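S.K.: Residue strings, one per chain:
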Amino acid sequence: MPAGLDKLKHIVVLMMENRSFDHMLGGLMKQNPRINGLTGNEVNPDMTGTMVKVQPNAKFQGQLDHDPDHHFPGVDLQIFGGTPPGAGRAANMQGFIKSYATQGTSTNASRAIMSYFPPDQLPVLTRLATEYAVFNGWFSSIPGPTICNRAFAHYGTSFGNVDMNLFYIQDPIASIYERMIQAGHTAKIYYYDQQSSTMEIVNLLKNQPKIFGSYKQFIADCNGNTLPEYSFIEPCYNDHPGPGGGQILASDQHPDHNVREGERFIANTYNAIRTNPQLWETTALLVVYDEHGGIYDHVVPPAVQSDGYSASAAKTGTGEAFNFDRLGIRVPAILVSPYIPRGTVVAGPEDPNSGRIFEHACIPGTVTSFFLKNYDNRTIREKNSQSFLTPLTNTLRPDDDCWVFAV
Amino acid sequence: MDKKYKLVQKVPKTPKSAYNHHRFISSLIHHQLKHFNELEKSLLKAGKKLTDLSRIKTELHASKYLKKMTALLHPQGVEKPQKTVRRKKVRKAAKVRAKSKQVKRRRRA
Chain A
1 MPAGLDKLKH IVVLMMENRS FDHMLGGLMK QNPRINGLTG NEVNPDMTGT
51 MVKVQPNAKF QGQLDHDPDH HFPGVDLQIF GGTPPGAGRA ANMQGFIKSY
101 ATQGTSTNAS RAIMSYFPPD QLPVLTRLAT EYAVFNGWFS SIPGPTICNR
151 AFAHYGTSFG NVDMNLFYIQ DPIASIYERM IQAGHTAKIY YYDQQSSTME
201 IVNLLKNQPK IFGSYKQFIA DCNGNTLPEY SFIEPCYNDH PGPGGGQILA
251 SDQHPDHNVR EGERFIANTY NAIRTNPQLW ETTALLVVYD EHGGIYDHVV
301 PPAVQSDGYS ASAAKTGTGE AFNFDRLGIR VPAILVSPYI PRGTVVAGPE
351 DPNSGRIFEH ACIPGTVTSF FLKNYDNRTI REKNSQSFLT PLTNTLRPDD
401 DCWVFAV
Chain B
1 MDKKYKLVQK VPKTPKSAYN HHRFISSLIH HQLKHFNELE KSLLKAGKKL
51 TDLSRIKTEL HASKYLKKMT ALLHPQGVEK PQKTVRRKKV RKAAKVRAKS
101 KQVKRRRRA
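Residue numbers (the working numbering), protein chains in the order written: chain A, 1 to 407; chain B, 1 to 109.
Hint data in this document are derived by calculation from the structure and do not stem from the laboratory.
What you are looking at is a predicted structure, and each value in this text was computed from that prediction instead of being measured.
Among the hints, a few may not be true.
Stated by the list, open to error - The calculated DMTMM-like cross-link candidates involving lysine to aspartate or glutamate, where the alpha carbons are at most 25 angstroms apart (straight line), are: (1) 10(B) / 6(A); (2) 210(A) / 171(A); (3) 3(B) / 193(A); (4) 6(B) / 256(A); (5) 373(A) / 6(A).
Claimed, not checked - A partial selection of chain A residues facing chain B, derived with a Cβ cut-off under 8 angstroms: (6) 39; (7) 42; (8) 146; (9) 159; (10) 240; (11) 242; (12) 404.
Glycine included, C-beta positions come from ideal geometry on N, C-alpha and C.
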């Protein structure tokens, strides 16, 4: 076992909202051709049939104020370009502008779905992606919205759901938190504060209030060396007044929340670990997005082993049932640890020989395998999922070689 | 940060204009509220009315409802109100100001 894994005591996952890989990190390919981003020539047709190229003109706020569709039928259109379900249809990633235009946006405004950030606009995400490990092939688990995708991060399945509706856990599958606690380990979900609360829904909140903490508690746990073995962090999901007359900004980066505030949140989370020497050497931080939020990415989502569930045609809204046998659109994913060499790129589907596919079932899959070793009550998909800890090596980078953020 | 670090990346501030708690809630927040509303049903005391979600239109409305519901479910996460502390400070500051005025008046006299 590499020293990085041998020394590992804590895994922290920070899950942001609704941005695709190309939108946030696609511009990095010009700096490092091993990163599977944008050449600048990727196109999508608009409603007039004009081919529109990707543009490095993404804005922090105000550009996607009409929340781009990312429900199952909308994502189907984005992936298949409008070809209706049926045998032999091929994914072409040509329906992003069409999808946004069907929401009543003008021809001009619908083109904004092809926008991406130049790397210097996102100093935090860019710094982490280039300093540690970036995954070329991390996909959302379902071509659909937030709740069902986040379910994969907590349970390794969405129990057959492809939408935002309330779902119920089906025995014998337990959440990663319950698995950890029942085996004598420690795990926590940190939501930002009570006004923002959690997306991890009624199931856990109802039965397991003890596994929840606030972000303030996360910072205290980092400072006090009381961080659980596994932590899942939720950003702030809404703007609301803060204590003492202050203002708390949403930091989830969900359109149309300000992307810069999300950058600050990621930086603060990283700093909390980075500036505690004891924690820094024993923690792996995964920054990942739940789904693409309707925003363009050029990589065709690959097939995946089914989790054994099926969503009926009525549930998907496309006229075709979904067997959870292909993934959703690609999202940014970065793994941080001082045991990761600078500039690590984990190859994805662009490399047919050594590329690997990751998705949110890898989160409970990796945490379970690392802390609990053999654990049977999980889906076959989760059991066979890739470990995201493989970029950790034997070599600890010197402290002076790792950045901190001045927030 | 007390320690000095060699490699420091500056992170730009978010403009104050980004804040808008009157923003209409997204589909995501709407569904979050729906889930909490389901939960509220199970916690409802006799004679109490279920919260009407159609009246929650903005992020500010949503945050108030989420705070109320989360506090019920996760009482250990309740943050202590800071008003008392502030009032004390304000009172202290007022006392200091009053005293210094008295001293000044005495000097003038």
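S.K.: Hold the hint about residue 39(A) up to the distance rule: shortest CB distance to chain B must be less than 8 angstroms.
M.R.: violated, 27 angstroms
S.K.: Was the hint right that residue 242(A) lines chain B, CB cutoff 8 angstroms?
M.R.: Given a least distance of 10 angstroms, the restraint on residue 242(A) is violated.
S.K.: Check the hint pairing residue 210(A) with residue 171(A) against an upper bound of 25 angstroms on the C-alpha distance.
M.R.: Holds, at about 21 angstroms.
S.K.: With 8 angstroms as the cut and Cβ atoms as the points, is residue 42(A) at the interface with chain B?
M.R.: This interface hint is violated because 27 angstroms lies over the 8 angstroms limit.
S.K.: Between residue 6(B) and residue 256(A), is the straight-line Cα distance small enough, at 25 angstroms or below?
M.R.: Violated. Residue 6(B) to residue 256(A) sits at ~35 angstroms, over the 25 angstroms cutoff.
S.K.: Check the hint pairing residue 373(A) with residue 6(A) against an upper bound of 25 angstroms on the C-alpha distance.
M.R.: Roughly 14 angstroms between the alpha carbons, so the hint for residue 373(A) and residue 6(A) holds.
S.K.: For the hint on residue 240(A), does the least C-beta distance to chain B fall short of 8 angstroms?
M.R.: Cβ of residue 240(A) sits 4 angstroms from chain B, so the hint holds.
S.K.: Was the hint right that residue 159(A) lines chain B, CB cutoff 8 angstroms?
M.R.: violated, 15 angstroms
S.K.: With a cut-off of 25 angstroms on the C-alpha distance, tell me whether residue 10(B) and residue 6(A) pass.
M.R.: violated, 33 angstroms
S.K.: Let's test the interface hint: is any C-beta of chain B closer than 8 angstroms to that of residue 146(A)?
M.R.: holds, 5 angstroms
S.K.: Given the hint that residue 3(B) pairs with residue 193(A), does the C-alpha gap stay at or below 25 angstroms?
M.R.: Distance ~29 angstroms between residue 3(B) and residue 193(A) Cα, so the pair is violated.
S.K.: If you take the shortest Cβ to Cβ gap from residue 404(A) to chain B, is it below 8 angstroms?
M.R.: holds, 5 angstroms
Hint compliance for this structure: hints 1, 3, 4, 6, 7, 9, 11 are broken, all remaining hints hold.
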